[in-house]
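Once you've looked at the hints, dock chain B against the given chain F.
Protein chains: 2
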Amino acid sequence: MKIITKFSIIQKEIKKAKKQGKTVGFVPTMGALHQGHLSLIRIARRENDLVVVSIFVNPSQFGPKEDYTKYPRNLELDAELCGKEKTDIIFYPGAKEMYPCGYNTYVTVERLSDTLCGKYRPGHFKGVATVVTKLLNIINPDIAYFGQKDAQQAVIIKKLVGDLNMPAKIKIMPTLREKDGLALSSRNVYLNPAERKDAPVLSQALDLAKGLVKRGVKDTTKIVDAMKHLIKKKKTAKIDYISIVGLENLEPLRKITGSCLIAEAVWIGRTRLIDNIIIGVN
Amino acid sequence: MKIITKFSIIQKEIKKAKKQGKTVGFVPTMGALHQGHLSLIRIARRENDLVVVSIFVNPSQFGPKEDYTKYPRNLELDAELCGKEKTDIIFYPGAKEMYPCGYNTYVTVERLSDTLCGKYRPGHFKGVATVVTKLLNIINPDIAYFGQKDAQQAVIIKKLVGDLNMPAKIKIMPTLREKDGLALSSRNVYLNPAERKDAPVLSQALDLAKGLVKRGVKDTTKIVDAMKHLIKKKKTAKIDYISIVGLENLEPLRKITGSCLIAEAVWIGRTRLIDNIIIGVN
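One line per chain: the protein sequences are F and B, in this order.
Numbering of the first sequence is given in numbering that gives the first Met the number 0, commencing with residue 0 and proceeding in unit increments.
Numbering of the second sequence is given in numbering that gives the first Met the number 0, commencing with residue 0 and proceeding in unit increments.
Hints in this document: simulated from the structure, not taken from any laboratory.
All of these numbers come straight from a predicted model, not from anything done at the bench.
Any given hint could turn out to be false.
The list makes no distinction among identical chains, and a pair is therefore deemed to hold if it is satisfied within one copy or across any two copies.
Once the Cα atoms are required to be at most 25 Å apart in a straight line, the calculated PhoX-like pairs of lysine-lysine come out as [to be verified]:
1) Lys168 / Lys233
2) Lys14 / Lys170
3) Lys168 / Lys95
4) Lys209 / Lys1
5) Lys237 / Lys17
6) Lys227 / Lys217
7) Lys168 / Lys14
8) Lys232 / Lys18
9) Lys221 / Lys170
10) Lys234 / Lys125
Chain F with its partners taken away, still in its complex shape (with noise of 0.2 Å):
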């Protein structure tokens, strides 16, 4: 396996494999790597040539507010579980190799960006598109693979890559959870024992709102405000939003119909855990 930390080294790497015919699968990463990335790595292991797995915790797409600074950074147990998975490259570029002085170039998927988490998260998702579009552009992937944890932004990665007419195809792979449910994070790591104890209260009110769903509720106020009244009861939560949205335009819905996603930000504490689930009503 090898770190490679410069896009061109890793650029000729990429024409290299191509050249002999090979498939490249990419698992695009902010380290802090758990099961749910290494369920993505091996997928990219099943069906791929080459794998590639991206490890940047990228600045752009932190507010000035947010954790940057202490997001959780080991490359080198990072790179002992990359390895476990036969990973061929690790690319672990600096933030001046990504952002050299002078940047100026971004990239946004409107309307997408500005609901769900971008609402408490303003500039979020233009980082996490103009990262994901360098990134693409760097390794040139057959396949990308992200997680359905972050359901935002795997709409909106969807969207910009069919939108800027970019040759790789992306695969969104199943949130893997913890036996209590809550669903696997890097920043499970901030939760002390108390909040550790109540963020599974996420997934009890995504399993709720599926429990009401399957009986016949459709009115999406009623689901949401059962939803509610549930994480309420835990001291340490503070709920950022619940929504119910069409999966693909992300707009609100008022009755439950179609593929229909139900997402949710919640503070634990001080840390800020997302969750959802896609339904599908006919």
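Just chain B, lined up with the frame of chain F:
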């Protein structure tokens, strides 16, 4: 020579050619081809195995009061000219092919897009950056060719290709001119005989500036004033701007130094013309 209207089809053609080890040269145009375009196609022909010319009047780079609908279009003549220059493929997409319903993704090159023509044509360079990103993704050329006549566009495209880590090489070729100095432009057809007679004043003003610099004048205000004085003698002329800026950052200069761009936009009657020269000073 093939004319292809669907991006999925041309992407397949290009992929096939690349698999055969062919290099791809690309000349993006809005049609209404003149000798300036043809000179780009000629050099693309010399330097590449496969030559692709795109013809697309890009709606997203025209303002609501600009000449999108009346911009000259003549596919038959353009195709004949491309054929004579041994173009392999013309990519001729419709507006719905490039911007399907629900299109949402835009590329912006900040700072560089807000100066010079960007001040007078808000949104113009966002449209240019977006369509060029899309076209480069679709055609995936080894080299793309642009004209120096659109100097700000050239700077912005080089910047975005670098910033977004796109693999294409960008070559900027010299402006071609009529015998009387008028820079070739598809918009020259708008000029009536009296306007056509006044139009060379743009290049005359640039020549004047060049002469002043040669004689040791360094003060950019003096140079711009002399240019303005000359242009204002023409009845049909109305200046949008004359600016002397750094060649890479497009920032205004008080003194001529290093590589400067002298750029101007002047209305001749109801036609907005642009022209520029690069001056290198040690």
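Results for each hint:
1. When the C-alpha separation of Lys168 and Lys233 is checked against a cutoff of 25 Å, the pair qualifies neither within a copy, at 40 Å, nor between copies, at 56 Å.
2. For the homomeric pair Lys14 and Lys170, the shortest alpha-carbon distances inside one copy (22 Å) and between copies (22 Å) are both at most 25 Å.
3. Proximity of Lys168 and Lys95 under a CA criterion of 25 Å is satisfied inter-copy only: 22 Å between copies versus 28 Å inside one chain copy.
4. Taking CA atoms no more than 25 Å apart as the test, Lys209 paired with Lys1 passes in neither setting, with 44 Å inside one copy and 53 Å between copies.
5. Taking identical chains as interchangeable, the C-alpha atoms of Lys237 and Lys17 are never at most 25 Å apart, the minima being 48 Å within one chain and 54 Å between chains.
6. In this assembly of identical chains, the alpha carbons of Lys227 and Lys217 lie at most 25 Å apart only when taken from the same copy (17 Å versus 68 Å across copies).
7. Taking the shortest alpha-carbon separations for Lys168 and Lys14, both the intra-copy value of 18 Å and the inter-copy value of 15 Å come in at or below 25 Å.
8. Taking the shortest Cα distances, Lys232 and Lys18 never come within 25 Å of each other, neither inside one copy (58 Å) nor across copies (60 Å).
9. Within a single copy, Lys221 and Lys170 get their C-alpha atoms no closer than 33 Å, and across copies no closer than 59 Å, so neither meets the 25 Å cut-off.
10. Taking the shortest alpha-carbon separations for Lys234 and Lys125, neither the intra-copy value of 33 Å nor the inter-copy value of 47 Å comes in at or below 25 Å.
Consistency note: the structure conflicts with the earlier hints numbered 1, 4, 5, 8, 9, 10.
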